[in-house]
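Protein chains in written order, with the numbering used here: chain A, 82 to 834; chain B, 564 to 717.
Just so you know, the hints here were simulated from the structure itself, not pulled from any lab data.
We treat Cβ as the ideally placed atom computed from N, Cα and C, and that holds for glycine.
Fair warning: there could be bad hints in the mix.
DSS-like mimics (lysine-lysine), calculated; alpha carbons at most 30 angstroms apart, straight line [to be verified]:
hint	chain 1	residue 1	chain 2	residue 2
1	A	K294	B	K631
2	B	K631	A	K289
3	A	K780	B	K678
4	B	K572	A	K294
5	B	K572	A	K367
6	B	K566	A	K294
7	B	K632	A	K710
8	B	K675	A	K289
9	A	K685	A	K671
10	A	K710	A	K676
11	A	K176	A	K283
12	A	K780	B	K572
13	A	K283	B	K678
14	B	K632	A	K294
15	A	K175	B	K649
16	A	K780	B	K566
17	A	K671	A	K779
18	A	K377	B	K624
19	A	K294	B	K675
20	B	K711	A	K779
21	B	K624	A	K367
22	A	K530	A	K492
23	B	K566	A	K377
24	A	K283	B	K566
25	A	K710	B	K675
26	B	K631	A	K671
27	A	K320	B	K566
28	A	K530	A	K367
29	B	K649	A	K146
30	A	K780	A	K686
31	B	K675	A	K779
32	A	K530	A	K377
Beta-carbon label-pair distances, calculated as ranges [unchecked claim]:
hint	chain 1	residue 1	chain 2	residue 2	range
33	A	R448	B	Q683	35 to 43 angstroms
34	A	E288	B	Q683	28 to 36 angstroms
35	A	E304	B	G630	28 to 36 angstroms
Given next are the chains, with one letter for each unit.
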Amino acid sequence: MEKGNSTNSRRAFLRSSALLGGGLMIHFSGLTRFSPAEKLGNIDLPEQWNEINGYVKITADNLIKIICPNPEFGQNVMTSLPMIVAEELDVDWKKVIVEMGPHDNVKLGPQFTGGSNSVRMYWRPLRQAGAAARHMLKEAAAQTWGVPVEEITTKAGMLFHEKSGKSAKYGDVASKAATVPVPKDIKLKDVKSFNVVRHSQKNVEGEKIVTGKPLFGLDYTHEGMLIAMIEHPPAIGMKLKSFDASKTLQMPGVKDVFTLKLFEDGFEQGGFDTRTFNDLLVVVGKSTWEVMNARKKLVVEWTAAGDTKDYAGGRNGKTERIVPGELENTDRQYQKMREFADKPAQQLRKDGDPETAFKNAAQIIERTYTAPFLAHNCMEPMNFFAHVTDEKALLVGPLQAPGWTEPTLVKLLNLPADKIEIQMTRMGGGFGRRAYGHYLMEAALISKKVKAPIKLMYTREDDMTYGVYRPMYTATYRAALDANKNLIAFHVKGGGIPEHPIHANRFPAGAVDNYLAEGWQIPSNITTGAFRAPRSNFNAAAEQSFLDEVAEAMGKDPIEFRLELLKRAKETPVGKNNEYDADRYAGVLKLIRDKSGWNKPENKKYNRGVAAYFCHSSYAAHVVDMVMKDGQPYVERVFSAMDCGIVVNPDAATNMVQGAVVDGIGNAFYGGLIHKDGVAQQNNFNKYRIIRINEAPKKIDVSFVQNDIDPTGLGEPPFPPVFGAVANALYKTLGNRLYQQPFAVPVTDKRAF
Amino acid sequence: MIKLTINKKEHNVDVDPDTPLLWVLRDTLNLVGTKYGCGVAQCGACVVHLNGEAVRSCVTKVSRAEGKKVVTIEGLSETHTHPLQKAWLDLDVSQCGYCQAGQIMSAAVLLKENKNPTDQDIDDAMAGNICRCGTYLRIREAIHAAAKIQRQDA
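Please work from the sequences and hints to get the whole structure.
Okay, here's the thing in C-alpha cells:
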C-alpha cells in the first residue's frame, strides 16, 4: 500500500458534506505540490495553486458523478482524470457520470491544460479523493452494520461484509458517509491492482462528438445573444487611424460599430495577457453571416503603431518592455537572425573547457538549423461568449487556463472574482494557443459595452493572422572530434524571434566533457506563445539532426552513438542539473531499436530516420520509414516508443502519440507563416498547408515502456522528436540534408514559399 | 421565406438567399453539429449532404438547398447508429472532435458509392477534410470497419 501524503509537507485535509436530498459530496483538498517540469513562457505558477482538490458526488439513489477539473482540448482528460478517481473509489466505470467542472480554483485546483500537466499534477490528488471517499463509505457501512471497518470490502460500487453476507450500494450509505470524519492517512491502491486505470476506456464524450451535439464554444448559444467580430489591422505593427462605418451600419442585422481599447495605457499585464492589437474595431450584429458581410463595408484607415510599451506585473514589480514598431519581413527576419548569431550571446551552461577542446580538435562539425513561425490553427477558431452586467459576468468558451485569465478580467471589468463565472467548453484544438485569453477579455469588454450577451468570433483569417505564433528559431551546433574521432566538445548557440529555444540542461549536456550552451533573442512585435512542446519542438529537430551528422562523421550507428552518450551520462555524468534520466532515455531508444527492427535487412527498402527526446518529464523515440511517392518524400510507416510512466488510458494514449506523429510530420514538411511588411502571408488553409489524410502514414506503431512510475506528460513529448526523425529520414531519401523548415517547401530569402 | 428539408423535417427560414447553408443551420436552426473551420471550402468541417451529395455548406448558398434534401450529422441516422458512428466509437477516433462530424459526413458519401473502399479510395475521398489533431489513421481504419459493418448489415 502506498501512503497518499508522502509528497506533502503540510497537513492534508478533506471536506465532505451531505448532498441536498441525501448523499455524499467530497471536496478533497489535495496534497501534491504542483511542480511543472516545464514552464510555459517564463511564468511560474502562483503559489496558491499548490493545493489541489477533487470533486466526487454520490447521491442516495447511487448516481456517481465525477467532476473533471481540467479543460478538454482533445487530450482526453475528461476521460483519464475521472478514471483516476474511479479507480480508487472502486466503482463501475461504465456507470460513472462525468461532468466538466466550472472554473473554481478553490475546489478544483489549477485547472490548467498545458505543459502536459493534467494527469501529472492531478494523479495523486485524484487518487486520494477517490480513496478517501471509498474509506468513508466503508466506515459508514461498518457503523450501519455494526461490524469492524476492516471487514468491509468493496467492488464496483458495492460494499460487502462477507461474514454476515450483508451488502449495500454506495448510494445506500452515502448520506451517512458524509458524517464520517475524513481520513487523515489515506491508503492508496497498489498500482499493480488497477482495473480502471491502465485499461483502455472510451472517450466519455465520443458519442456526443459523432452525433453533432453542442460541445464547443462556437456551439454555445444564449437568449438574446448577438454576434461580435473584430476588424484587426492587416499588419502586425499597425493600428487604427480612423474608420467610417456608415455603410456597415446600413447592412442588415448590424446593431453597432464602435472601438474599444483592450488594455488602458500602462495596464499591468499578467504573463499570459499577450495581445497583438490593442484598439479593437468591433462590429456587432444579429447573426454570423450578417456581421461577416457588414465588416466588408467598413472603410478603415490604418497607420503604423510605431514602438509601443507593454507593462508586466509580477513579483519584481512593474516592468516595462518596448515593443518595436517595425513592419516585419521574413527575409529581414532571417538576415537579423544571422547577424545575431555572430554576436556574443548569453552563456546558459558551460562544462569543462570547450574553447580549448575546439582549438585542439582534429575535426569540427558545424551546422545551422532554422524554423519559421507556426500558426496553431486550432480547427475551432478563437471565440468566446460573454454576458457582462454591472453586477456579474458569465463567460463561456474554449480556454486552457481560466485561472490565469480571471485576475485580468477582475481588473478589466472591475468586478470581484466571485462575480465572474467562467465555464470551459470542449475546445476544438488548443496546442497552447488557448492559454492566451485575449479573445475572452475582448468578448467581455464588448458585452459590457453593448450591454447584451455576445459571442465574439474570429474568422479563420482573423485567427491565422492575429499572431501568438510559435517563435522563429535558429541554432548553430558545433561538435569537436579528436584524431580518433571521439567527441570531445559540444557547443550549441541558439536564438530566435523573440526568444531562444535552448534547454541548456538537457541531453547531450551531461554526456560530453566540454559543453557550452548559449542563447540570444531578437525583440519583435510578432506575438508568440506556447505551441505544443515550446522550444522543444525546434530543438528536437535541430539537435537530433545534428547528432546524426556527428554519428555519421564518427562512423557510428545513430542509435548506438546516442546510447554511448547516454551510458556516459549515466555512469559519469558531466556537470550538474542534468534534467533527464539517462536510463529512461536509453530505454526508449532500445525499445524503438527492437520494435522497428533497426538494421534488419527486411527494412532496407525504407529510408529510416531515428530521433529521441526528453521533455515534460517523459521520453519519446521514433523511427520513421520514408519512401518516395508520386515524386515526393512520404513517411509510410512510423514506430514510436514512449516512457511516460504509468499509462492511464492505453488506447487513448496510443491515439495521442499517433496524432502527435502526424502533427509532427505535417509541421515538419509544411508548417510555416511568413510576413511581408507585417502582413501574414498565410491567412487560410488554401495558403497554410496542413497535413491531410493522403500524406499521413499507413501505420504508426506505438509502444510504451512498462513501469510503475507515476505518470508524466504525454500530449507534448511525442511531438518534438518527429521533426528530427523526419529530417534524418529525408537525408537518407534525398542524399542531402535539409536545414531549413518546412522541409517540403523550403523558406529561402528569395522565395519564402 | 426559404423552404428547407433538413433531416426529413421541413423548415421555413427568413434569411438572405445568399446566406451560406452553414450559417442557416448553425445560427437560424441551431443545428450546430456542422462546423465552421475555414469558410472557403478547404477544411471540410462543414460537410453536409445535399440530395445525397457531399457539399461544403460554408460555400453553398441556402437558396441552392431549396427543394432538396439536406442531411446533417444530427440526421445521419435517426438512432445515431450509422455504421460510421459505430465504427468511430469502437475505434475511439476522436481527439478534440471538432472536425469529426465533417469527416463522418464525407465518409458516408464514400461508403454509399463504394462498399469496400481501399486505403487509396479513402485517401482520395477524404483529402478534403482536415484533422488538426492528426487522427487520420483511425479515420481510415474506422471507414474500413464501417464498410464491414455495412456489408454485414446488407
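Each hint, compared with the structure:
no.: 1; hint: K294(A) x K631(B); result: holds (24 angstroms)
no.: 2; hint: K631(B) x K289(A); result: holds (27 angstroms)
no.: 3; hint: K780(A) x K678(B); result: holds (23 angstroms)
no.: 4; hint: K572(B) x K294(A); result: holds (18 angstroms)
no.: 5; hint: K572(B) x K367(A); result: holds (25 angstroms)
no.: 6; hint: K566(B) x K294(A); result: holds (24 angstroms)
no.: 7; hint: K632(B) x K710(A); result: violated (40 angstroms)
no.: 8; hint: K675(B) x K289(A); result: holds (23 angstroms)
no.: 9; hint: K685(A) x K671(A); result: holds (19 angstroms)
no.: 10; hint: K710(A) x K676(A); result: holds (24 angstroms)
no.: 11; hint: K176(A) x K283(A); result: holds (13 angstroms)
no.: 12; hint: K780(A) x K572(B); result: violated (42 angstroms)
no.: 13; hint: K283(A) x K678(B); result: holds (27 angstroms)
no.: 14; hint: K632(B) x K294(A); result: holds (21 angstroms)
no.: 15; hint: K175(A) x K649(B); result: holds (17 angstroms)
no.: 16; hint: K780(A) x K566(B); result: violated (46 angstroms)
no.: 17; hint: K671(A) x K779(A); result: holds (24 angstroms)
no.: 18; hint: K377(A) x K624(B); result: holds (18 angstroms)
no.: 19; hint: K294(A) x K675(B); result: holds (24 angstroms)
no.: 20; hint: K711(B) x K779(A); result: holds (19 angstroms)
no.: 21; hint: K624(B) x K367(A); result: holds (19 angstroms)
no.: 22; hint: K530(A) x K492(A); result: holds (16 angstroms)
no.: 23; hint: K566(B) x K377(A); result: holds (28 angstroms)
no.: 24; hint: K283(A) x K566(B); result: violated (40 angstroms)
no.: 25; hint: K710(A) x K675(B); result: holds (29 angstroms)
no.: 26; hint: K631(B) x K671(A); result: violated (59 angstroms)
no.: 27; hint: K320(A) x K566(B); result: violated (44 angstroms)
no.: 28; hint: K530(A) x K367(A); result: holds (16 angstroms)
no.: 29; hint: K649(B) x K146(A); result: holds (26 angstroms)
no.: 30; hint: K780(A) x K686(A); result: holds (16 angstroms)
no.: 31; hint: K675(B) x K779(A); result: holds (24 angstroms)
no.: 32; hint: K530(A) x K377(A); result: holds (22 angstroms)
no.: 33; hint: R448(A) x Q683(B): 35 to 43 angstroms; result: holds (38 angstroms)
no.: 34; hint: E288(A) x Q683(B): 28 to 36 angstroms; result: holds (30 angstroms)
no.: 35; hint: E304(A) x G630(B): 28 to 36 angstroms; result: holds (32 angstroms)
When the structure is compared with the earlier hints, violations turn up for hints 7, 12, 16, 24, 26 and 27 and for no others.
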